[in-house]
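Enquirer: Each chain, written out:
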Amino acid sequence: MSRREPRVAKRKRNLLRANGVREVDWKDTALLRQFISDRGKIRARRVTGLSPQEQKQVATAIKNAREMALLPYPAARRGA
Amino acid sequence: MSRHYEVMVILDPSLDERTVAPTLDNFLNVIRNSGGSVEKVDVWGRRRLAYEIKKNAEGIYAVLDLQSDPDAVKELDRQLSLQETVLRTKVVRRTVPRGTKAAQKIAAKA
Chain L
30 MSRREPRVAK
40 RKRNLLRANG
50 VREVDWKDTA
60 LLRQFISDRG
70 KIRARRVTGL
80 SPQEQKQVAT
90 AIKNAREMAL
100 LPYPAARRGA
Chain U
8 MSRHYEVMVI
18 LDPSLDERTV
28 APTLDNFLNV
38 IRNSGGSVEK
48 VDVWGRRRLA
58 YEIKKNAEGI
68 YAVLDLQSDP
78 DAVKELDRQL
88 SLQETVLRTK
98 VVRRTVPRGT
108 KAAQKIAAKA
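Order-wise, the sequence lines are chains L and U.
Start counting the first sequence at 30; every next residue gets the next number (my numbering).
Start counting the second sequence at 8; every next residue gets the next number (my numbering).
Hints are computed from structural coordinates only; laboratory data are not their basis.
Even glycine gets a Cβ: it sits at the ideal position worked out from N, Cα and C.
It is possible that some hints are incorrect.
What the hints assert, rightly or not - Distance condition first, Cα-Cα at most 30 Å in a straight line; then the derived DSS-like pairs of lysine-lysine: (1) L/K70 - L/K92; (2) L/K92 - L/K56; (3) U/K61 - L/K56; (4) U/K62 - L/K92; (5) U/K81 - L/K92; (6) L/K92 - U/K97; (7) U/K97 - U/K81; (8) U/K47 - L/K92; (9) L/K85 - L/K56; (10) U/K81 - L/K85; (11) U/K61 - L/K70; (12) U/K97 - U/K61; (13) L/K92 - U/K61; (14) U/K81 - L/K56; (15) U/K47 - L/K85; (16) U/K97 - L/K70; (17) U/K61 - U/K47; (18) L/K56 - L/K70; (19) U/K97 - L/K85; (20) U/K62 - L/K70; (21) L/K56 - U/K47; (22) L/K56 - U/K97; (23) U/K62 - U/K97; (24) L/K56 - U/K62.
To be verified - Calculated Cβ distances over 12 Å to all of chain L for the following chain U residues: (25) T26; (26) E59; (27) P77; (28) T96.
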């Protein structure tokens, strides 16, 4: 029987919002780019470590920015 | 009921950037005539689009900050989108920083 290693407490996730951002602006592409993958997908909450409210704000902002061609839509193919 | 609005416009990149502000100003008369006010016209200039719009890889971005009635903004948006040189528009209610709304309510009561 394999003994389970006791789970190490996860290190505190880097809350990007701590960098002085209180309200997410959909025009701030430099900030929003940190929350999308190379493919253009929105990063999951378990990755970003944001609260539900913050994640919602970020997601909405990214979607708004996409509509105005500030950010890409998720690419269907690799490398696109 | 007058509200804050933020209007983003993407214009055809073949336009001269210097003519953008005066042209937009022309459209903003709709807002002024209806009793609204234009707080800021910010022309970002030419910028690469994340994807092509009407075969254009670039666009001239401009952001307008308005204080206006909903109907006037709707009309402005309609007129802009009729324009061939306007690739895309977006109207967003400007977000009120957290807490200010409650603060205003308290101030109104006092």
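Enquirer: Now, for every hint given, state plainly whether the structure supports it.
Expert: Comparing the hints with the structure gives:
1. L/K70 - L/K92: 11 Å, holds
2. L/K92 - L/K56: Within the cut-off at roughly 11 Å; holds.
3. U/K61 - L/K56: Holds, at roughly 22 Å.
4. U/K62 - L/K92: 22 Å, holds
5. U/K81 - L/K92: 21 Å, holds
6. L/K92 - U/K97: It holds: about 12 Å lies between the C-alpha atoms, which stays within 30 Å.
7. U/K97 - U/K81: 11 Å, holds
8. U/K47 - L/K92: Holds, at about 24 Å.
9. L/K85 - L/K56: Holds, because 16 Å separates the two Cα atoms, which is no more than 30 Å.
10. U/K81 - L/K85: OK: U/K81 and L/K85 at ~27 Å, within 30 Å.
11. U/K61 - L/K70: 24 Å, holds
12. U/K97 - U/K61: With Cα atoms ~17 Å apart, U/K97 and U/K61 stay inside 30 Å; holds.
13. L/K92 - U/K61: Answer holds: L/K92 to U/K61 is near 20 Å, not above 30 Å.
14. U/K81 - L/K56: 21 Å, holds
15. U/K47 - L/K85: 28 Å, holds
16. U/K97 - L/K70: 22 Å, holds
17. U/K61 - U/K47: Distance of about 28 Å is within 30 Å: holds.
18. L/K56 - L/K70: 18 Å, holds
19. U/K97 - L/K85: Roughly 20 Å between the alpha carbons, so the hint for U/K97 and L/K85 holds.
20. U/K62 - L/K70: 24 Å, holds
21. L/K56 - U/K47: It holds: about 15 Å lies between the C-alpha atoms, which stays within 30 Å.
22. L/K56 - U/K97: Between L/K56 and U/K97 the Cα gap is close to 12 Å, so the pair holds against 30 Å.
23. U/K62 - U/K97: 19 Å, holds
24. L/K56 - U/K62: 23 Å, holds
25. T26: U/T26 clear of chain L: closest Cβ-Cβ about 21 Å, beyond 12 Å.
26. E59: The assertion about U/E59 is violated, with a minimum of 9 Å to chain L.
27. P77: 19 Å, holds
28. T96: Violated, because the least Cβ-Cβ distance between U/T96 and chain L comes to about 9 Å, which does not exceed 12 Å.
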